[in-house]
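Between the sequences and the hints, there should be enough to build the whole structure, so can you do that?
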Amino acid sequence: MIEWYLFLPQVGLGVDELTLRACTAETSNFDGVAFLDHLETPMAPASPIWEAMTLATWVAARTERLRIGHLVLCDPFRHSAVLAKQAVTLAEVSGGRFELGLGSGSMPDELVKFGFGTATARDRVTALERTLIDLKRYWAGDEAAQVPAPSRPIPLLLGGRGPRMLELVRRHADWWNLPATHVHDLPSLVPQIGNARASVQQMVGFIGEDGDAEAVTSKALRRYGHFGAGLVCGRAEKLIDHFGGLHDQGAQRFYVWFSNPAPESIAEFGETVIAGFG
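Quick note, the sequence shown lines up with residues 1 to 278 if you use my numbering.
For the record, the hints were derived by calculation from the structure and aren't laboratory data. Treat the hints with care, as some may be off.
[To be verified] In silico BS3-like links for lysine-lysine, alpha-carbon gap of 30 Å or less:
1) Lys136 x Lys85
2) Lys219 x Lys238
3) Lys113 x Lys85
[What the hints assert, rightly or not] Across the chosen pairs, the derived CB separations fall in these ranges:
4) Glu143 x Met107: 30 to 40 Å
5) Pro42 x Glu167: 21 to 31 Å
6) Thr118 x Pro263: 39 to 49 Å
This one's a predicted model, so the numbers in the text were calculated from it and none came from an experiment. Glycine included, each C-beta is placed from N, C-alpha and C at the ideal position.
Dropping the structure here:
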């Protein structure tokens, strides 16, 4: 069974606008919503961005069914003991709807700018491994355990595609996510993730029934054409075929990232593309 998440970067929109889109996703066949985690907007530092865990808590309080997560939380931003407590709290207040997505940190300049150090990519992966081990200790009930413990397992998603990250996926993760810029690598990477389930982030230039195909496609290509196969443009029928092909390659969840995340587009996508998979 395919799972569908709305990937909703909290950039350029107010909190009320983001909440509206999440609530629209909930009533339009989506299973979850995911935010990003940065202290400044990637490639546009003057553009406002909201804090990831606070926004997730806000949206969780205003939805009933939607699962809540991130692609992905930046490990260097939070001490593992604080992260463990935040995750348990958000999982509890949401009725078990929170999923913990983690990565080692993809923007070294951001880490330096805000005082998180100058660790190499290799060292950041090592630090992420320590966090994963710590989380198990804090949640497992041994002498280091925090109280309260999770009342139910908190699903863990890891993002990244290097050999050391894939080893962490095999050892620790319930889910693994492939970013849109590397969708073409899905067939070669799925065999390397062990028992984890595969998810794919996909940018979509969705052309609604009454949409202008040329206008939607040209705008999406201008903004996201560098994604290559990570961008797909089309009406519902084409997108059903596209996602079906990725499912055949091993993807079990899709994080749909709209080139134009208007509430109307989110609703129509859910009512046509997602519904098309039964």
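Between Lys136 and Lys85, is the straight-line Cα distance small enough, at 30 Å or below? Holds, at about 12 Å.
CB of Glu143 to CB of Met107, is that within 30 to 40 Å? Given range 30 to 40 Å: holds, Cβ gap about 36 Å.
Is the distance from the Cβ of Pro42 to the Cβ of Glu167 consistent with 21 to 31 Å? 26 Å, holds
Can the restraint linking Lys219 and Lys238 be considered satisfied, given a maximum Cα separation of 30 Å? Holds, at about 18 Å.
Taking 30 Å as the top limit, are the C-alpha atoms of Lys113 and Lys85 close enough? 26 Å, holds
Taking the beta carbons of Thr118 and Pro263, is their distance inside 39 to 49 Å? Because 42 Å falls inside the window, the suggested range holds.
Consistency with the previously given hints is maintained throughout, with no hint failing.
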